[in-house]
Amino acid sequence: MSRRGAIASTLVGLSTALGNALVSETIARKPGWLQSLDPRVKLTGLLALVLAAALSHRIGVILALWLGATLLGLLSRVSLPTLATRVWLAVLLFTGVIALPALFLTPGTPVLSSPDGKLHITEQGIVAATLLITRVETAATLTTLLALTTPWMQILKSLRSFGVPQEFVMMLNMTHRYIFVLAESASQMLESRNSRTVGILSSAAQRAIVARTAGVLMGKSIELGNDVYLAMQSRAFRGDTKLLTGFRMTSRDFLALSGFLLIAMIAIWLGRA
Amino acid sequence: MSYTAVFVAHNVDFHYDQVPALRQLSLTVQTGQCVALVGANGSGKSTLLRLLDGLCFPAAGSISFHGEPLTAANLADNKFFLSFRRRVALVFQNPDVQLFNPTVFDEVAFGPLQMAWNSAEVISRVDATLEMMGIANLRDRPPYRLSGGEKKRVALASVIVLDPEVLLLDEPTALLDPRSQSQLIDLIQNWRGTSKTVITATHHLEILEDIADRVAVLEQGSVTAVASPQQILSDSELLLRANLVHAHRHRHGDLIHSHPHLHSHSKHEHEH
Amino acid sequence: MHIPDGYLSPSTCAVMYTGAGVGWYASLRRVRRTLNARLIPLISVFAAFCFIVMMFNLPLPGGTTSHAIGVSIAAIVLGPAGAILATSIALAIQALFFGDGGITTLGANCFNIAVVASLVSYACYRLIASNAPLISRRRVFASAVAGYLAINMAALFTAVEFGLQPIFFHDPQGVPLYAPYSLRVAVPAMMLGHLAVAGLAEAAITAGMVAFLQHADPALLSAASGGAAATLAAEPIRPNSLRRLWITVALLMFLAPLGILAAGTAWGEWSLSGETHYTSSSPSSALHRLATIWTAPMPAYAPPFVKSASFGYLLSAMFGVGLVLAGSLLVQKLWKRRSTAGSTP
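Residue numbers (our numbering), protein chains in the order written: chain A, 94 to 366; chain B, 1051 to 1322; chain C, -14 to 330.
In case anyone wonders, no lab produced these hints; they're calculated from the structure. Some hints could be false.
Claimed, not checked - If you anchor each label on the Cβ, the simulated ranges turn out as follows:
no.: 1; chain 1: A; residue 1: Phe340; chain 2: B; residue 2: Asn1293; range: 27 to 33 Å
no.: 2; chain 1: A; residue 1: Leu167; chain 2: C; residue 2: Arg122; range: 46 to 52 Å
no.: 3; chain 1: B; residue 1: Leu1225; chain 2: A; residue 2: Ala177; range: 38 to 44 Å
no.: 4; chain 1: B; residue 1: Pro1070; chain 2: A; residue 2: Val105; range: 43 to 49 Å
no.: 5; chain 1: A; residue 1: Ser288; chain 2: B; residue 2: Phe1131; range: 44 to 50 Å
no.: 6; chain 1: A; residue 1: Leu156; chain 2: B; residue 2: Phe1131; range: 46 to 52 Å
no.: 7; chain 1: A; residue 1: Val257; chain 2: B; residue 2: Arg1195; range: 47 to 53 Å
no.: 8; chain 1: A; residue 1: Asn319; chain 2: B; residue 2: Thr1121; range: 17 to 23 Å
no.: 9; chain 1: A; residue 1: Leu167; chain 2: B; residue 2: Leu1225; range: 53 to 59 Å
no.: 10; chain 1: C; residue 1: His200; chain 2: B; residue 2: Phe1131; range: 36 to 42 Å
no.: 11; chain 1: B; residue 1: Asn1293; chain 2: A; residue 2: Ala177; range: 56 to 62 Å
no.: 12; chain 1: A; residue 1: Ala177; chain 2: B; residue 2: Asp1177; range: 37 to 43 Å
no.: 13; chain 1: B; residue 1: Asn1187; chain 2: A; residue 2: Val257; range: 38 to 44 Å
no.: 14; chain 1: B; residue 1: Asp1177; chain 2: A; residue 2: Val257; range: 25 to 31 Å
What the hints assert, rightly or not - Not close to chain B: a few residues of chain A, all C-beta gaps over 10 Å, as computed:
no.: 15; residue: Val116
no.: 16; residue: Ala183
no.: 17; residue: Trp245
All residues carry an ideal CB built from backbone N, CA and C; glycine is no exception.
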């Protein structure tokens, strides 16, 4: 990586992450199958499927769950290219690299040996690597679908209705809010530094810039935090949030929930040891 | 003490850590007045607004609201707290500070919910306020997808939904484009002549005549002059001393002419 | 070091959620006892800050880059309770909103990165910096060490959680069902990267920010100063509450299986049948040798009862914590000796 690249790549990283976030808000507003469900149903149902994939000992079951997840995605206006770029490729690269040595390192019956007899790929290794990759892909697909089809506010409200303490939900809410504010601040600071330097920066200089930026950012964060508290007090906040209730389960939601749980149970049963 | 005074600040001292922000500040605001606080950055305008909103308390001196002292002890009383918070509203300079809910609707609903109104009333009031501010189309928008002008309007909406008697505005025109600025000025003008009290902190001198009946000048934490906008604006010595304008020098032939100068959109006219 | 879904078995996830839950509960209680309402926006903004810091690429010696987490500086500025909450929230948002990092493994990630790293960072910093003035090089040094150790401890816990998977969770044919590498492989593989690279990144950013704050706003460092008045969340720390800190750490050790490979080969084995199936292929035996380099300490001296798996973990956990503590105390003593010997502290 070029010496100047660290700061530039940070900027790219920041804007990519935020850009992705904006895309997910768009998908959450489309008229798709998952989008039409009560968020609590989605949270419970999709997590049940993730659990089923996690508990299964059989690759076939996991693959079936993966297929199901993809179908759910298509029904919810989440296209295959979107899933491929956001989830599948990233997982394949990351987990693939991690799983690769398992082919050779897992003890067991050799299936393929190198000509000189030093390297062996074992059956167990192949199965282990496949299990890992398919599990991670399936789980990632399901959790991404949850994130893509549910507006953040609804995720928070569902958490609240599941009994997550009020302070946590409030903090999640505000953190989410201020990630965007701080990211913009950070981008502006880094960009201005980037444009003011001429030539290649040494590693130490870049580290200094990053540390300074982080320091200033932290100062701003704390000031922001204090000011936000004042603003909240000004609107009569004293530590207890009151939320508008808004969730009502329709019969469709109940059906969907039963469907999710049934499939999860079948998958767990089929995939048992 | 006049019964029509809404705020009386008397010899107020305030500091941040060791740095003094307000020194022996005294000011009286009558009900229904539109007052502008002008002063350079650091003169104490924002600090004063926060003290008037009961968010911090003076180290010395006193502030009272309709005769009731604004102290931590008084605001600890639930009834007074809720009543005060509903009647007095502060709009911060930085709208991001004030937008801490996931959507515009939630933001405007926050205040009413804290006041424990019932859900139906909350929803109807919020929708009405959004209509009035012209931001009904932004109802489900998250704050990070709003422009500067929209954020300011949401921040305003979030306080006027409670129909307060007093509005404290901290640099409301800052960072706004000209059209949003004039919309904001129109809004403030709508409140003039009603029983609402509006106190605006600004260093935007051109709008003073539009938004205020009285202007109080702050210098280094004290009020040094209170007069009508016309009087203040014509006192160039005061303006220069208070760092509200800068001296502008230019040549006329062999003469070097210096005069207090205010950058404005209007034609540049001065006497020689 | 974020663990995605699928690497840990559901039972491991459950255990880790319990561990994290203890951390969350204790932190929340502590936060509630102090100025509750004011902390909520403060912790939230700090969480947002941690989130952003995780995106900063830091160039390191050797031409690599890595990224820090920010949990160490959070612990120094907010205190451990605030840091645990702030980092957990950042991780939760990564998982729930950005879809980055698992939901079933959120408990494990929070335990490793939010709880363990916060406590280690805070403890090291306090121990090494002790009563040094707020603006002193000793504090910068202390924060660098704190950051380095905190991340490596978190990595260690992660590595052990990985490494235990194939031991406990495999099918009758010996196929590992989740993370496929045993402790011998997982621990060195993970630790190498963190000892050499990521640890330096965290140390750099923690020290860099402490140095910056010393000039820009020293009051922010007073929460963990032990002497100066606390302006932020933490109450001034008294000696006996430090003891409570150690007790909490000890309790966490009882809950979480972890270990430095110090005791015997009993639980480094692949299969419960006791046979090792390592083939003669060079990569695996080379890695094997690498792994044994630092498993050397106690193998032959482990008494028989240590062969019991759970006790072995407990022992190593205590050993690990002891190492960290001893290291910090040693550094503190050396520094004190150096400063009293020559110039004024």
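Non-interface claim for Val116 (chain A): all C-beta distances to chain B beyond 10 Å?
Answer for Val116 (chain A): holds, closest chain B Cβ roughly 12 Å.
Verdict for Phe340 (chain A), Asn1293 (chain B) (Cβ pair) under range 27 to 33 Å
Taking Cβ atoms as reference, Phe340 (chain A) and Asn1293 (chain B) lie about 55 Å apart, which means the hint is violated.
Ala177 (chain A) and Asp1177 (chain B), beta-carbon distance inside 37 to 43 Å?
At roughly 41 Å between Cβ atoms, Asp1177 (chain B) and Ala177 (chain A) fall inside 37 to 43 Å, so the hint holds.
Check the following: the C-beta atoms of Leu167 (chain A) and Arg122 (chain C) are separated by a distance inside 46 to 52 Å.
Violated - the Cβ-Cβ distance for Leu167 (chain A) and Arg122 (chain C), about 60 Å, lies outside 46 to 52 Å.
Within 17 to 23 Å: is that where the Cβ-Cβ distance between Asn319 (chain A) and Thr1121 (chain B) falls?
Holds, since Asn319 (chain A) and Thr1121 (chain B) (Cβ atoms, about 21 Å apart) stay within the stated range.
Does Ala183 (chain A) sit more than 10 Å from chain B, CB to CB?
24 Å, holds
Can you let me know if the beta-carbon spacing of His200 (chain C) and Phe1131 (chain B) is within 36 to 42 Å?
Hint holds: Cβ distance 40 Å, inside 36 to 42 Å.
For Pro1070 (chain B) and Val105 (chain A), compare the CB-CB distance with the range 43 to 49 Å and indicate the outcome.
45 Å, holds
In this structure, is the beta-carbon distance linking Asn1187 (chain B) and Val257 (chain A) contained in 38 to 44 Å?
Check failed, 32 Å falls outside 38 to 44 Å.
If I take the minimum Cβ distance from Trp245 (chain A) to any residue of chain B, is it greater than 10 Å?
Given that some Cβ of chain B is not farther than 10 Å from that of Trp245 (chain A), nearest at about 6 Å, it is violated.
Measuring from beta carbon to beta carbon, are Leu1225 (chain B) and Ala177 (chain A) in 38 to 44 Å?
About 41 Å separates the Cβ atoms of Leu1225 (chain B) and Ala177 (chain A), which means 38 to 44 Å holds.
Beta-carbon spacing of Leu156 (chain A) to Phe1131 (chain B) - inside the hinted bounds 46 to 52 Å or not:
The hint (46 to 52 Å, Cβ to Cβ) is violated, given that Leu156 (chain A) and Phe1131 (chain B) are roughly 60 Å apart.
The structure fails to meet hints 1, 2, 6, 7, 9, 13, 17 from the earlier list, while all remaining hints are met.
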